[in-house]
Each structure stands twice: as C-alpha cells, then as structure tokens.
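Protein chains: 2
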Amino acid sequence: MNKSKLNVAIIGLGTVGSGVIKLLKRQKNNIKNRTGIELELVAISAKNKRKKRSIDISPYRWIASPITIARDPDVDVIVELIGDMDNTARKVIKEAINNGKHIVTANKSLLAKEGSSFEELAKKKSVFLRYEAAVAGGIPIIKVLQDSLIVNKISKLYGVINGTCNFILTKMEAEGREYTDVFSEAQQLGYVESDPRLDIGGIDSAHKLALLSCLAFGTSLDLKGVKTEGIDHISIEDIDEAHLIGYKIKLLATAEYQKKLLRQEVSPKLIRKDSPIAQVNGSTNIIAIEGEEIGTTIFSGPGAGMGPTASSVVSDLVAIASRKSKSTFLNGDKNFSGKRDKTLTKESSFYLRFVLKDKPGVIARLSGKLGSCGISINQMKQKPLPKQKATLIMTTHKTVRKNLEKALNDIRRLKICEQRPVSIEIEEI
Amino acid sequence: MNKSKLNVAIIGLGTVGSGVIKLLKRQKNNIKNRTGIELELVAISAKNKRKKRSIDISPYRWIASPITIARDPDVDVIVELIGDMDNTARKVIKEAINNGKHIVTANKSLLAKEGSSFEELAKKKSVFLRYEAAVAGGIPIIKVLQDSLIVNKISKLYGVINGTCNFILTKMEAEGREYTDVFSEAQQLGYVESDPRLDIGGIDSAHKLALLSCLAFGTSLDLKGVKTEGIDHISIEDIDEAHLIGYKIKLLATAEYQKKLLRQEVSPKLIRKDSPIAQVNGSTNIIAIEGEEIGTTIFSGPGAGMGPTASSVVSDLVAIASRKSKSTFLNGDKNFSGKRDKTLTKESSFYLRFVLKDKPGVIARLSGKLGSCGISINQMKQKPLPKQKATLIMTTHKTVRKNLEKALNDIRRLKICEQRPVSIEIEEI
Chain A
1 MNKSKLNVAI
11 IGLGTVGSGV
21 IKLLKRQKNN
31 IKNRTGIELE
41 LVAISAKNKR
51 KKRSIDISPY
61 RWIASPITIA
71 RDPDVDVIVE
81 LIGDMDNTAR
91 KVIKEAINNG
101 KHIVTANKSL
111 LAKEGSSFEE
121 LAKKKSVFLR
131 YEAAVAGGIP
141 IIKVLQDSLI
151 VNKISKLYGV
161 INGTCNFILT
171 KMEAEGREYT
181 DVFSEAQQLG
191 YVESDPRLDI
201 GGIDSAHKLA
211 LLSCLAFGTS
221 LDLKGVKTEG
231 IDHISIEDID
241 EAHLIGYKIK
251 LLATAEYQKK
261 LLRQEVSPKL
271 IRKDSPIAQV
281 NGSTNIIAIE
291 GEEIGTTIFS
301 GPGAGMGPTA
311 SSVVSDLVAI
321 ASRKSKSTFL
331 NGDKNFSGKR
341 DKTLTKESSF
351 YLRFVLKDKP
361 GVIARLSGKL
371 GSCGISINQM
381 KQKPLPKQKA
391 TLIMTTHKTV
401 RKNLEKALND
411 IRRLKICEQR
421 PVSIEIEEI
Chain B
1 MNKSKLNVAI
11 IGLGTVGSGV
21 IKLLKRQKNN
31 IKNRTGIELE
41 LVAISAKNKR
51 KKRSIDISPY
61 RWIASPITIA
71 RDPDVDVIVE
81 LIGDMDNTAR
91 KVIKEAINNG
101 KHIVTANKSL
111 LAKEGSSFEE
121 LAKKKSVFLR
131 YEAAVAGGIP
141 IIKVLQDSLI
151 VNKISKLYGV
161 INGTCNFILT
171 KMEAEGREYT
181 DVFSEAQQLG
191 YVESDPRLDI
201 GGIDSAHKLA
211 LLSCLAFGTS
221 LDLKGVKTEG
231 IDHISIEDID
241 EAHLIGYKIK
251 LLATAEYQKK
261 LLRQEVSPKL
271 IRKDSPIAQV
281 NGSTNIIAIE
291 GEEIGTTIFS
301 GPGAGMGPTA
311 SSVVSDLVAI
321 ASRKSKSTFL
331 NGDKNFSGKR
341 DKTLTKESSF
351 YLRFVLKDKP
361 GVIARLSGKL
371 GSCGISINQM
381 KQKPLPKQKA
391 TLIMTTHKTV
401 RKNLEKALND
411 IRRLKICEQR
421 PVSIEIEEI
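Protein chains in written order, with my numbering: chain A, 1 to 429; chain B, 1 to 429.
Chain A extracted, bound-state conformation (with noise of 0.2 Å):
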C-alpha cells in the first residue's frame, strides 16, 4: 500500500530549506531502516543560486524556475518553503496539484488564507497536502489534533505561538528594559519578519490560530475571525505592574467554544505566573488544549528553528509515503452547529493604565464613566509623573469588554489623557 519511494522537491533554501537538506541527508538510511521510506532528493530550487548556504547544493539538480519543479514528472512531492513575499508560493502550490504532486508547506500565512481551496483543488487531484511545520515548529500540534484529539470535544485550546513576541515580552521582564529598545535588538538577531507588523502586530498568531482553531473545532478556516491585537503598546510598567499582582504578560492566542459560540483572539494577556503558560520563555512555544475527555493536555517545544521545522518537514514526507492524509479544511462547517463570537461577550477582569493630566478631578470624572458603564475596580493606584501627570493603574472586576470599550472610549473624549488607556485582559488560565 506504501509507495516506498518518494521523489522530493525543495522550493526555498532559506534556514528551513536548508536544514530539511541536511536532515534528509543525515536521518537517510535510518529512515529507510525504521519506517521502509525512501526520500529521494531530486531537484532543489531557490531565487538565487549562488547565495551562500551553509550547505553544499551542487549534488542536487537546479531548477531556476519553481513552476518548472512544479510540473516536473520525475517529482512526487513538493516542499514550498518560499514564505509570503510575493504570490510565487500560492501559484506554485496551485501548479503542482494541478500536476498531481503531493505539497508540504510550512507557509501558515498563505494556508490561513488559501487552504480550503487548497485542499478542495488537492482532493479533486487526489494528492495530500500536509503543513506540521507551519505552526510550532517542532510540536506537533497538527498530527495531534488530527489524529489523537479528533474524537474529543475541545472546548478550548490557547497558547504562545509566535516567539519573536515572546522573545521580546521575557527580555523587557528579565532585563527591564522598554518596549522599543528589545524591538530593535530582536531585529538586529533576525528574529523579526521583513514586515514587523506580522510577528509584533499577532498577525502571525492569528494566521496560526485560524489553522489549529479550525482543526480543533471543526469548523470552516476563518481568518477574519480571529480578533488580533499586538504588543507593541506594552511598556515595562506594565510588566512591572503585572508582576506586583503576580502576573505575566503573554501574547496570547485563544480559540474557546463555549455555550455554541466560538471565540478566536490574539491578545497580549496577564496570566497567572504560576501557569505553565507563564514559564514558557523565549521563542519556545506552548499550546494549551482543554477537551471533555482528556482535560488539560499541554504540549511545548521550539516554536521554530532549522532543526524542529525541518523535522516537521520531513514527519510530513513520510506520512505521505505512508499514504496518511486527513481532510482539514473542507469540512467547513457541517459539524458546528455553534456560532463565531465577534462582540467578545466572555466576562473578564482587566488590567487598564491611565496616563492623567493631574489635576482636581479627574479621578472622579474617569471612575464616573467607568461606573455608568458596569464596571467596578478592584485595586488601584496612583504614581505621580513630571509635568502636572499621573499614572494611574487598576484592575476591574469582571466585565464584557464591549461595557469596557464603551467606558475607554467616553473617557478618551473626556480630554483628561495624556496618551491611549493600555487594557488587558486578565486570563485565569
């Protein structure tokens, strides 16, 4: 039933490229030994040839153009490593099923957004489509949720899936340092995407969370629905702040199904520093999944890296030589019968700072609007800053945070802040 040999492509040679080169040639022979797969090499491809690699690509055939890999006969399986920069990756992918070549991606930005015609296009040409390596690089949360997990109900499953968010969130804590200065240095390693906005502003997060929420669920892939906040308005007085009442701040990302209605949110958050989720620090990540059955299964691991990814890359390889493939993102919705919570209805408390004009008041005036919205505060102080300022911190006590957008935003019109009111939300995880 096995085809015991599997012609690969590379597309891409950037670090996971090149460490699936490496991994296939060292991990050959033993996995021939363990598994009776045999993953032939046989054409690699890349924008430029001659750009130095810390691997030696002249034993492998170069193709310059990807779509020329894509209809090559002698390739079964393409792995697309290209990322998101321009529309190579999708028109490539498109191209091989089209040829009926097997795709392993790792390209989470494009599969949040194409997967489902994707796989439509896939199952019509009966070849599989498989990306463990797209999301928590050495976890593997997609075999999981698809093969162990599929016969529970989640009802919640939440973690730290970008770890240049994490990375820059445990240096301002461990070295208190600002918000923009960790930035840059995060930078400078390589460590942020060409565009920023994509790891700091939880794009990436959300990109990820739309895969595994519709994996966990069942429900269709639903990028939209992932309300996705950055971090990038974190200081590292609210870092200190948190850590006072015992908290960290972690970029979250959440995907709950609770009373029919189904939540998906990336959002810096303050969690309990005794939670496993707290603890994880750097670039590894963490995810969290909550079913009826099993309870709490926690599984955390390098986020990335050449090593975890290509590893996914090439467990991908030989689960298709094994003929193992699972329909995800076409059972659109038929199994939900629950609907997406776009208002945020959950109740919560949340940690909220203030920077004040100082003046006879204005306390007053802003606890008023507070007040007439619902919500009522549970610890607060006050720090004086130069010039006629204040800082004023608090926590509320559980609310909606539709009650607490409406408050920020009646008491943004009351003129009395010296910048944006920081809100977080307060996870009891």
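Honestly, I wouldn't trust all of these hints.
Derived DSS-like pairs: lysine-lysine, alpha-carbon spacing no greater than 25 Å straight-line [said to hold, decoys possible]:
#, chain 1, residue 1, chain 2, residue 2
1, B, K224, B, K171
2, B, K91, B, K224
3, B, K94, B, K52
4, A, K153, B, K91
5, A, K25, B, K91
6, B, K156, A, K156
7, A, K28, B, K339
8, B, K357, B, K389
9, B, K28, A, K32
Negatives, chain A to chain B, calculated, CB over 12 Å [to be verified]:
#, residue
10, I55
11, N152
12, K153
13, K227
14, L317
15, G361
16, A364
17, G368
18, K389
19, A390
Per label pair, the in silico range of CB-to-CB distance [claimed, not checked]:
#, chain 1, residue 1, chain 2, residue 2, range
20, A, G190, B, K398, 35 to 43 Å
21, A, K125, B, R323, 20 to 28 Å
22, B, S155, A, D195, 47 to 55 Å
23, B, N281, A, N409, 50 to 58 Å
24, B, K125, A, K124, 31 to 39 Å
25, B, K398, A, E428, 37 to 45 Å
26, A, G338, B, G14, 47 to 55 Å
27, A, K28, B, K125, 29 to 37 Å
Keep in mind the hints are simulated off the structure, nothing from the lab. Note that the structure is predicted; figures quoted are calculated from it, not measured. Ideal placement from N, C-alpha and C gives every residue a C-beta, glycine not left out.
Keeping the supplied structure of chain A fixed, place chain B upon it in accordance with the hints.
Positioned in the frame of chain A, the structure of chain B alone reads:
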C-alpha cells in the same frame, strides 16, 4: 482504502472500559462526521455482569467468556482492558489475533513483557496492535514517537509517568506529611494498584519506560534493562532538605542514548524547582523528549482517568479503521549499534542522608570512605537527633554511581549507620 465501519468488542468494564462505552456513545456521530468512520460496539465482557457500573450495559450483547469474544466472527477489533490480574489478557490477545482481529490494549505490563511476540503474531495475521492508552493516559505520546518524531535521532526521553507516586510525593511536600501517612491515604482513595509495589516500587513506570524507550531509540523491548527503584524510602526530611537547596524530589523515568550507550532507569531524583518536570503535581504526567533536530519538546496531561484513557483507546480504533499502524517491537536492535549501560556510568551529583551514631570520629571515618572512592563533598550539614544520634545530609560533586555504591557499602560496614543511607541522584534537567 478505509474500512468505514469497525465492529468493536470491549473486554473489561472497569473505569476505562466504562469510559470507552460512554465515549463511543456520546461521540459516535461526531467521529463519523469528522473521519467517515463508524465505530459500532457489538459485544462486551467482564468478570461480573451484575457489578454496579456508571453505565447501562443492557443495550450491548454480553458474552461471558472473553475467549468466546476473541473468536466471534462478528468482531473486528478487541479492546482489551482486563489488566494484569491473571493470564487471561495474554490468552485473549493471542486468540483474538489468531482469529484475525485487531487489538487495542492499555495493558502496559503485559506489553512490556510480551509486546514483541504479540506483534510478531499480529504481523503474521495482518492485524494491527495499538496501545496509546498504555502510557500517560491522555498524552498521545505513542503516536508522537511513532509518527512525528520518527525522523529524529532522539538522545534522551524522561518524565514523570506514574501518577500515584507523583500524587504521594506532591502531597508529602505540600502538607509536610510522612510517606507512610500519605501512602495510606492514597490507598484509601483507590489510587494504588492492588499490588502496591507496581506503583511505589517504580515497576509501573519501568513498564511504560520500556515501551517508550524502544519506540524512541528503535531498539528491542528491554524491560529487564530498566534499573528500577521506588519511592518508599523517601522521607519528608529528604523533601524538605531538597527544597532548601532548590530542588524537588520526583520519581523520574529516564532513557538516554549517548556515546553509544543506552541507559534506562526509573528512580527518585532531585530536580531543580524551576524545571517544568518539577512543576508537575498530583496525578499529571509529563514527558520530555530531547532530539538532535527538535531540541526539547515537552508533553504533559492527565496520566490516567476515565476520559483521557478512553479518548486514547478510541483514537486507536479510529487509526485502525483508517488502516494506520506501525511496527514497533519488531525492529529489534537492527538499527541500534550501541550498547546497553547496565552499570550506569553516567556522572552525577548525589544527595545523601545518613542517620549516624553521634560519636567522636564518625564523620571523619565516613568522609574518609567517600574520599577513598573518589567522591568529594559539595555541601554538608549535621542535625542532632534524640538518643545520641545525628542526621548528616550532604550533596556530592559529580561521580559515577558505581563509585557511590562502593562507598555506601564501605560506610555500612563501618557500623556507624542507624539505618540504610538514602542516596538520590541530582538530575540537572
């Protein structure tokens, strides 16, 4: 390619068996919608039909003899949940395989002993043998090792995989109570197997480690190669002293393959408080895997319980219906060029506790024996005890266990110890 309907028989209707019936009933439509597979429960069997159960078994065909079920032509797959009480499970599995039936079992002790012979027979009869529920309840660790990490060279696998021991150690620490006291409580709560040595003697962990280790390293199943030590000699004093120097005590299962030496070991270890392993409390299981490519990936979740274990059983049924199976026990050592480390040549630091006669010269004689075995002391403290006795607690610098064991034997022969010295390895993970 898939057989879309599978006729299932369950033998053994304890917690897990009842959980599987519940789950099949509740999730039948969900499973069918999401995987296209229909799981039909066609027969059940257990020791006592009239026993009070949390489920209504009247809708299902009752067959008193498990062997009769194993021969029933209407049954495609046997879910064996009898446990290790007598020889029945072994006989039923062999008979069922001989009659062309697939097997799903949670029977780790039986698998650790007979896995290879079962698999040989299953291969001959072209049926599948699956056992996700045998290790770490709700964590899909078997599938992760078989599928996702197969392309890795794993160097180390370690974790806490016996919930009962972890419950006892966690409770001792949290409540400052002695081992015997908490052990009795665990027994009253029904957490301890009828033969308590299985849990507290580390044997259950050894069974599970043998299964994981053969999957991780591609070696033959080698239960006898697991050096096994339990927790019944751990005192609250050890836990308190470990705490003072920044450690917790956990029953750790470790399989490590380094420098062509394979080491398999279950024993209490001192583990740094801030390690994820140390933070796993109660009956939760945790397993960490270090691989050449993936770095460290960590999986945690409920180690037992009706829901998680039943979920793993049913995911195996879905996998069988999807014609997925892997050979695990049959590779033997053909991909393994190393040796087995029977003498544990690894270098470690150790925590030692002696109860000594409080007489002049005692410490000099004791430390002399350590010194002559090449063991040097890192930290040391002495505390007086009533009746002219004293407790001596120390940590050593790195040494091999062989040297330590020689030194402890020499010290015992000095007749200065009031009880057997306690030694616990310090594992820096």
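Quick one, are K91 of chain B and K224 of chain B close enough, alpha carbons at most 25 Å? holds, 23 Å
Within a Cα-Cα threshold of 25 Å, do K357 of chain B and K389 of chain B meet the stated pairing? holds, 5 Å
Just to be sure I understand the hint, the distance between the Cβ atoms of S155 of chain B and D195 of chain A should be within 47 to 55 Å; is that true here? Taking Cβ atoms as reference, S155 of chain B and D195 of chain A lie about 37 Å apart, which means the hint is violated.
Compare the distance between the alpha carbons of K94 of chain B and K52 of chain B with 25 Å, and conclude whether the hinted pair is satisfied. violated, 30 Å
K28 of chain A paired with K125 of chain B, Cβ distance criterion 29 to 37 Å: This hint holds: roughly 32 Å between Cβ atoms.
Taken at face value, is the distance from the CA of K156 of chain A to the CA of K156 of chain B at most 25 Å? violated, 31 Å
Taking the shortest Cβ-to-Cβ distance between L317 of chain A and chain B, state whether it exceeds 12 Å. Violated, since 8 Å does not exceed 12 Å.
Between G338 of chain A and G14 of chain B, is the Cβ distance one that fits in 47 to 55 Å? At roughly 35 Å between Cβ atoms, G14 of chain B and G338 of chain A fall outside 47 to 55 Å, so the hint is violated.
N281 of chain B and N409 of chain A, beta-carbon distance inside 50 to 58 Å? violated, 43 Å
The hint says 31 to 39 Å between K125 of chain B and K124 of chain A; measuring C-beta to C-beta, is that right? Since the Cβ atoms of K125 of chain B and K124 of chain A sit about 37 Å apart, the hinted range of 31 to 39 Å holds.
Measure nothing beyond the straight line between the CA atoms of K224 of chain B and K171 of chain B; if it is 25 Å or shorter, mark the hint as holding. Given pair K224 of chain B, K171 of chain B is violated - Cα atoms ~31 Å apart, limit 25 Å.
Beyond 12 Å on every Cβ pair: is that true for N152 of chain A relative to chain B? violated, 6 Å
When each numbered hint is compared with the structure, violations occur for hints 1, 3, 4, 5, 6, 9, 11, 12, 14, 22, 23 and 26.
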